[in-house]
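In terms of the UniProt record's numbering, the sequence shown opens at residue 1 and continues consecutively.
Quick caveat, the hints were computed from the structure, so don't treat them as lab data.
One should not assume that every hint holds.
Straight-line distance between alpha carbons at most 25 Å, and here's what the computed DMTMM-like set of lysine to aspartate or glutamate pairs gives [stated by the list, open to error]:
no.	residue 1	residue 2
1	Lys537	Glu623
2	Lys297	Glu43
3	Lys214	Glu202
4	Lys190	Glu225
5	Lys272	Glu60
6	Lys367	Glu70
7	Lys341	Glu43
8	Lys272	Glu70
9	Lys104	Glu225
10	Lys564	Asp435
11	Lys62	Glu202
12	Lys177	Glu122
13	Lys233	Glu250
14	Lys63	Asp435
15	Lys341	Glu320
16	Lys63	Glu88
17	Lys46	Glu286
18	Lys81	Asp435
19	Lys106	Asp206
20	Lys299	Asp65
21	Lys341	Asp327
22	Lys439	Asp206
23	Lys177	Glu199
24	Lys297	Glu122
25	Lys214	Glu199
26	Lys299	Glu49
27	Lys62	Glu116
28	Lys177	Asp236
29	Lys367	Asp327
30	Lys299	Glu336
31	Lys106	Glu257
32	Lys62	Glu8
For clarity, every value in this text was computed on a predicted model and none was experimentally measured.
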Amino acid sequence: MGALFRAEPMCLAQLFLQSGSAYECLSELNPNVSVFQRKFVNEVKKCEEMERILGYLVQEIKKADIPLPEGDVAPPAPLLKHILEIQEQLQKLETELREITKNKEKLRRNLLELTEYTYLLEVTQRFVRRTAEYESRLYSNHEEFPSVEDEPLVDYSCMHRLGAKLGFVSGLVHVTKVEAFEKMLWRACKGYTILTYAELDECLEDPDTGETTKWFVFLVSYWGEQIGQKVKKICDCYRCRVYPYPNTMEERRAVVEGLNVRIQDLHTVLHKTEDYLRQVLCEASESIYAWVIRVEKMKAIYHVLNLCSFDVTNKCLIAEVWCPVADLQNLRRALEEGSRKSGATISSFLNTIPTTRPPPTLIRTNKFTSGFQSIVDAYGVGNYGEVNPALYTIITFPFLFAVMFGDFGHGLLMFFFALLTILYENHPRLRRSQDEIMKMLFEGRYVILLMGLFSIYTGLIYNDCFSKSLNIFGSGWKVSAVLEQKVWCLDDLKSNQFLTLDPNVTGVFNGAYPFGIDPIWNLASNRLSFLNSFKMKMSVIFGVSHMTFGVVLGVFNHLHFRKKYNIYLVFLPELLFMLFIFGYLVFLIFFKWLAYSAEDSTSAPSILIEFINIFLSPGADTEVFYPGQVALQRLLLSIAFLSVPVMLFGKPLYLYWLHSGGRGIRMYRSGYKLIRKESEEELSLLRPHDVEEGSSHLDNEYREGGGEELNFADVFMNQAIHTIEYCLGCISNPASYLRLWALSLAHARKS
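All chains, full assembly: derive it from the sequences and hints.
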């Protein structure tokens with residue numbers, strides 16, 4: 001938890017990587033550093049090419065429904081001498097797979113065409129039944145006449161007299177194009193065609209889209225070559241699957257027999273091709289996981305190497321990195337191990353660089369704290385050295401959720417769901433799920449676990465389980481006591497729908513419910529009014545407490561950066577403004593709960609009216625909770641208002657005095673006096689804590705030890721923005737916390 005409270009100590013290191021061992025050195029690390037420039041462009045392109053091949057392999061393996069094995073241990077990055085072998089192996093496998101897939105698709109298309117032709121012959125056999133005598137009589141009556149292609153209209157007798165040849169066009173048309181196809185034939189051929197069509201009983205694959213759909217078999221009878229050309233063009237326009245139509249029954253039988261033999265042969269060849277393809281994909285699937293991880297690591301290493309810069313001799317790569325102080329020894333060992341593996345004569349090394357630049361913020365997390373840290377980082381990452389609020393979010397976030405959605409039953413379901421994901425968190429399907437919602441739930445499993453646990457607690461407080469009360473300890477209210485005391489009679493029960501239980505009557509109220517809200521409130525007609533008052537006050541208390549806790553955390557930042565003036569000029573005015581206005585409101589809530597009982601509750605003043613009167617009429621004679629209330633309220637209000645100009649002008653004026661009038665005071669730091677400001681070495685010796693702990697970005701402009709001039713306008717503007725934002729936030733944020741009350745009531749009513 002100490003690591004989660006504040007960022008990891010960081011240092012700036014300069015890496016000197018020999019060109020021959022740079023890849024091996026970085027392969028010993030997880031390349032997660034920030035460096036500069038680009039050099040290894042071709043190597044990155046090779047990695048991207050291998051990534052493309054692996055993506056194609058994974059796609060084919062998934063298409064074949066072959067499970068992808070996933071290892072628990074990630075393989076290391078390959079050495080330079082093994083990269084070319086992996087690349088050649090992947091390219092060879094891709095070429096083989098593409099060739100097999102191309103042949104398979106060609107066989108499937110041929111099989112589809114033959115199957116369509118077979119169905120077409122079966123259906124068209126019912127369309128036309130011509131005898132041999134009719135065919136001989138039709139083709140024997142042939143006479144030569146001049147061409148009649150230019151005649152616009154000819155009837156059947158004329159065509160028969162001229163001896164025009166009867167032709168047929170057969171094929172398949174999509175179910176959605178049948179009507180348009182029929183109309184186009186009629187209009188374009190002027191009615192001198194006979195179209196017969198029928199729907200296939202079986203659904204066939206559409207070669208263009210790959211989807212299974214319905215098809216219609218059609219047979220077009222026409223006379224003359226010119227009309228036949230029109231029919232064929234119309235079929236091409238509607239993307240019909242046209243097949244030759246046999247003229248005789250003998251020819252039909254021969255075609256059908258040939259089709260059956262070819263279909264059987266294609267089935268055999270296609271099955272063997274699919275078996276071989278599956279065998280190749282199964283062999284590839286055994287190594288695909290290791291290949292993907294290795295190529296990703298190779299790409300990450302080259303990406304980091306691209307950001308390095310060469311020295312003047314072009315024999316050494318130089319990189320500046322931010323490294324946690326605790327990992328410096330691991331970094332040195334990794335450089336030595338990489339140099340040893342590459343066989344370099346000169347090993348790579350690193351040097352730490354003193355700097356006054358603020359390091360990046362690194363928060364070490366584990367599987368429990370990573371979810372809460374992600375929530376905090378979504379609102380912004382703090383500066384280096386600042387207090388990390390994620391440690392406290394572990395409690396506050398699930399608790400505030402439970403305040404809004406407090407239900408014992410719902411919380412129990414959430415708790416068991418999160419518990420199952422935690423028990424099976426090492427399952428490969430959960431860890432590598434691509435579903436965004438499931439991935440989000442899995443990453444936040446510990447957050448959901450605590451949310452469910454706190455919801456169980458608040459559900460017991462609210463006495464709410466799936467919108468039903470649980471009478472575990474027995475209600476403290478007794479209705480029979482009212483009848484025994486003869487406060488109610490039978491006529492009152494008959495004539496009134498609602499009656500009030502008076503707690504002042506002896507025996508009616510025997511004490512508070514041991515844990516949570518009394519279950520009798522679930523039957524009361526004023527249940528909503530009671531819960532409204534309770535949850536609204538509870539939301540204000542939690543909101544003010546939460547905000548005050550956030551202000552108090554700022555003290556640790558001021559002490560850490562050794563800026564004690566922020567404690568007196570920023571923290572104390574903020575705390576006084578918060579406590580003397582809204583802290584006093586919380587005090588009134590608790591005072592009313594403790595000072596008034598059921599006997600005199602009707603004479604208790606309204607907290608809301610009293611709080612409004614503090615600002616509108618602070619000296620008016622109104623009902624008070626306690627003697628001296630008006631004088632105390634005036635004092636608190638005066639201190640709260642006076643803290644605003646202190647927040648606004650205190651820090652800028654102090655820094656201005658410190659920079660100009662108090663120059664002699666700051667010359668002494670730990671017994672040393674600064675003689676010359678021009679030396680960077682003296683500045684680094686004067687402020688060693690800046691290197692170790694960083695500095696606030698707001699105070700970098702007017703650092704006490706620096707020789708820079710103070711920009712008073714910028715300092716005053718920053719402080720003015722902070723003051724306005726804080727004062728407005730103190731007013732608006734407590735109102736925002738009332739959402740706890742609103743959502744809690746909405747959840748209770750919907751349940």
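For the pair supplied as a hint, Lys104 and Glu225, is the alpha-carbon distance within the 25 Å limit? 38 Å, violated
Has the given pair, Lys177 with Glu199, been kept, meaning a C-alpha gap of at most 25 Å? Holds - the C-alpha atoms of Glu199 and Lys177 are around 12 Å apart, at most 25 Å.
Are the Cα positions of Lys341 and Glu320 separated by 25 Å at most? With Cα atoms ~23 Å apart, Lys341 and Glu320 stay inside 25 Å; holds.
Hinted pair, alpha-carbon criterion (25 Å max): Lys62, Glu8. Please report holds or violated. Judged against 25 Å, a Cα distance of about 43 Å means the pair is violated.
Given the hinted pair Lys297 and Glu122, is their alpha-carbon gap at most 25 Å? 60 Å, violated
Run the distance test for Lys272 versus Glu70: straight-line Cα separation, threshold 25 Å. Cα-Cα ~29 Å, so violated.
Are the Cα atoms of Lys233 and Glu250 separated by 25 Å or less? 29 Å, violated
Hey, Lys299 versus Asp65, does the alpha-carbon distance stay inside 25 Å? Roughly 29 Å between the alpha carbons, so the hint for Lys299 and Asp65 is violated.
Is Lys367 close enough to Glu70, meaning Cα to Cα at most 25 Å? 21 Å, holds
Compare the distance between the alpha carbons of Lys297 and Glu43 with 25 Å, and conclude whether the hinted pair is satisfied. The hint holds at about 13 Å.
Is the straight-line distance between the alpha-carbon of Lys106 and that of Asp206 25 Å or less? Distance ~14 Å between Lys106 and Asp206 Cα, so the pair holds.
Restraint check for Lys106 with Glu257, where alpha carbons must lie at most 25 Å apart: 22 Å, holds
Violated hints, listed in ascending order, are 8, 9, 10, 11, 13, 18, 20, 22, 24, 27, 32; each of the other numbered hints is respected by the structure.
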